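Chain by chain, the residues:
2 protein chains.
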Amino acid sequence: MDEYSKVTPEIISALKNILPEKYVLHGDKEQLEPFSHDEISEKKYSHFPEVVVRPRTADEIAEIMKLANREKIPVTPRGGGTGLSGGAVPIHGGIVLFIDRMNSILEIDTENMVAVVEPGVITNDINTAAAEHGLWFAGYPMSFQSCFIGGNVSENAGGGKAVKYGVTGRYILGLEMVTPEGEIVKLGGKLVKNVTGYDLIKLLVGSEGTLGIFTKIIVKLLPMPGKVVDLLVSFKDTASAIRMVPVIMTRAKVIPAAVEYMDLLSVQTACEYLDEKLPYEGSGALLLIELDGNSETALEEEYEAIGELCMENGALDVFVADTRAKQEKIWNVRRNIAEAFKAVSPDQSAEDITVPIACIPDVMPVLDKLSEEFDIQVPCYGHAADGNLHVTLVRNPDQTIEQWEAVLPKALEKLYEATAKLGGVISGEHGIGHKRKQYLHYSLDETSIELMKRIKRAFDPNNILNPGKIFDL
Amino acid sequence: MDEYSKVTPEIISALKNILPEKYVLHGDKEQLEPFSHDEISEKKYSHFPEVVVRPRTADEIAEIMKLANREKIPVTPRGGGTGLSGGAVPIHGGIVLFIDRMNSILEIDTENMVAVVEPGVITNDINTAAAEHGLWFAGYPMSFQSCFIGGNVSENAGGGKAVKYGVTGRYILGLEMVTPEGEIVKLGGKLVKNVTGYDLIKLLVGSEGTLGIFTKIIVKLLPMPGKVVDLLVSFKDTASAIRMVPVIMTRAKVIPAAVEYMDLLSVQTACEYLDEKLPYEGSGALLLIELDGNSETALEEEYEAIGELCMENGALDVFVADTRAKQEKIWNVRRNIAEAFKAVSPDQSAEDITVPIACIPDVMPVLDKLSEEFDIQVPCYGHAADGNLHVTLVRNPDQTIEQWEAVLPKALEKLYEATAKLGGVISGEHGIGHKRKQYLHYSLDETSIELMKRIKRAFDPNNILNPGKIFDL
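Respectively, the protein sequence lines represent chains A and B.
For what it's worth, my numbering labels the leading residue of the first sequence as 49, then goes sequentially.
For what it's worth, my numbering labels the leading residue of the second sequence as 49, then goes sequentially.
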């Protein structure tokens, strides 16, 4: 374990020499509280920073990092705070580097089809600005209305459109970054192809703020598809639903924008929470399939082919949502599943295991067993065609917090162990952060973890940038 | 510069203890010659190995690496030998590790839509096997008929379909690899999403055989589109042609499978070489636009929209190739440009600079100036919508080899300097290897190169795996 220095009054003064005083927050517990946690509900993962700084430029960040590196003070970068792995929480105290003031969209370059943005831009704002030119950033996550693009890059976030469009990393063409030692580097550019040296951009994407602090991001944009159709298809059980996923892609030859899976418990709970009705009576599992494109004729051909294929393969019903209103009704249910379970019980562990898509049905008996053994609810929904499942462990309201806290680590271990046996990994989009680092060995062998640690040391010899995340050195 | 040991008779014996004798080649210069070069024509980049080994398993490779690491003998992995940067050439002698015997397609998993292959499989063989199931690997390079998939991963190779489908890296979901220290690691799996720890797979892709030796590769497959249409569009000059590229994508809202650019000199030379005719009379530049999909109606809507847009924006003519024969006629010309110039003069430098697509017209006066100043031919063609240009410097047959060898480094420096000024990089798909390492500083700042060197040392403390490539330590 590394030894860190405390943030002394001298350090505070030094920070105030780098930044205007009002952007150096310290001493007031209430003011620091929002920086002590992310969206994980469990208290045990929260930790207060000693000071929060709100820099505006890469040069300021470089100076802060040089100071912190020299003085051995941990620095934790923070974006929108919407994470679910504790990645932005300063578990060793020190400095939180909040990037909210670096929130300019510097350029929407339509000729090169890229956006050049600062890391504190809210992800949805990029799409609002790009939409004026018929363009969009297709790799955004579900939290796009509040997350920052800098956080998306750090976590390699991805959303419901990953089947066709991939996740954040596919769209990051260039980065300006401050290293843990306080150097500013520029990587890539407005360039679609680039093989000059190791792909540091791709390494930095998803490195959870442990290798550098992004200060400028070049995001690839795509032409926005003009038309969207959603299909809500009900099946008697998960196996029948999941078996359809490769069939859609190989037989109908269509790559949908989204193929979301919802189990009965998830959709029921969300419908009750919203007082909404969806046609799921008598079914055991639902697929929500979104198609997009520009040709109305082609979309019709596609959804008819998929609908027929589903019916031939045991679907109970196919509901076509071809208007904005019908689509929003379905997606609203999908988006509110997590909230709905929070209403049932605020104490829950939102997981995001990934397994080979053909193995999704094999996950279900595992969840039934967890539910039974630990007397908890285990709803499951998520991105079926990516094999990425939001298994959520929800405290039984009859359990005490102490019982729940004793149960949860055991349940997680069983979940992760079963996932590994199926060839899966413990996280598909939320990241490892603080919460999952003790379970990393379920997904990675010893040599791989050792190589990652060596990379961390190569970038950050004093281990001051977001220490204690992903692994301990 | 590192000091390496020689391959002694004791080392040969040790290798013969690891492998059957017949797979340890040494002593016979003729037998070793094919391993002394890749597809670069210049003699100065060739270098003989001391011994060539042809292992069959990851365990054998691990043993070889342990031996080499202990004895400080350089090891250069080699695939199909189709590279254009000297990456597979053993410039410090030592062992060439030829992976041709590791050539099994282990699995075409249609349920998970992946292929599991060994690194020595010829890339096209994956597509032949996948095609039986209506699937394909869409990230393949132009040399797919002779290159190995292991080499594609090492170089992050990409081809003419990168606009829509991206390059090799997008499709690599899992790797088994032997580290320079002889450990076997397994990364990823049959998994589309995965954020467990640093993305080592993406770092290894394009690392030019300097960080590890791949022994098993999991390749994502896509449903194969059923229909293809090509448009050959002529323009008066490059600027008019290139201006169309973002217009096609943003106004017609179509992402073509390919948008290839050919200047008049390239297409003329290739047509003469093949004794072929294409409708380019009176034009100065051509775009070859490929669309693919499944709906005939949608494809027709798309190509008509693009054709009209082109004509509105100054195109001289649009030729629609909607049959296999017409398409092959055009692509045959495109594919034979390099060969055609080899017939003009075998001495040439095949470059692959990448610039922001909107800057492609600005490259043209640079090439004219190079041509004039150095009295050489500089044809230009390539992947327009990726900004990836095959600028080729061709020796004037009137120049002596000595004159050419004096001229080339100067011309390359001017080309790379101009590329950097336009925000571009020196390689979009061929890699740095041996040939371009002295020019790396045109694309990367000092800190970035230092970070890359630290990564290299983290993986390969003794610098024995493909040393002297990308940079010198």
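These aren't lab readings, by the way, just hints derived from the structure by calculation.
Computed from a predicted structure; not experimentally measured.
C-beta atoms are modelled at their ideal positions from N, C-alpha and C, and glycine is treated no differently.
It is possible that some hints are incorrect.
[To be verified] Below, a sample of chain A positions facing chain B; criterion: calculated Cβ distance under 8 Å:
| # | residue |
| --- | --- |
| 1 | Gly207 |
| 2 | Glu320 |
| 3 | Leu322 |
[Stated by the list, open to error] Below, simulated EDC-like cross-link-like pairs (lysine to aspartate or glutamate); rule was C-alpha separation at most 16 Å, straight line:
| # | chain 1 | residue 1 | chain 2 | residue 2 |
| --- | --- | --- | --- | --- |
| 4 | A | Lys284 | A | Glu349 |
| 5 | B | Lys275 | A | Glu349 |
| 6 | A | Lys234 | B | Glu498 |
| 7 | B | Lys301 | A | Asp76 |
| 8 | A | Lys120 | A | Glu51 |
| 9 | A | Lys301 | B | Glu344 |
| 10 | A | Lys301 | B | Glu180 |
| 11 | A | Lys301 | B | Asp493 |
| 12 | A | Lys234 | B | Asp493 |
(request) Find the hints from earlier in the document that the structure breaks and name them by number, from lowest to highest. (result) 1, 2, 3, 4, 7, 11
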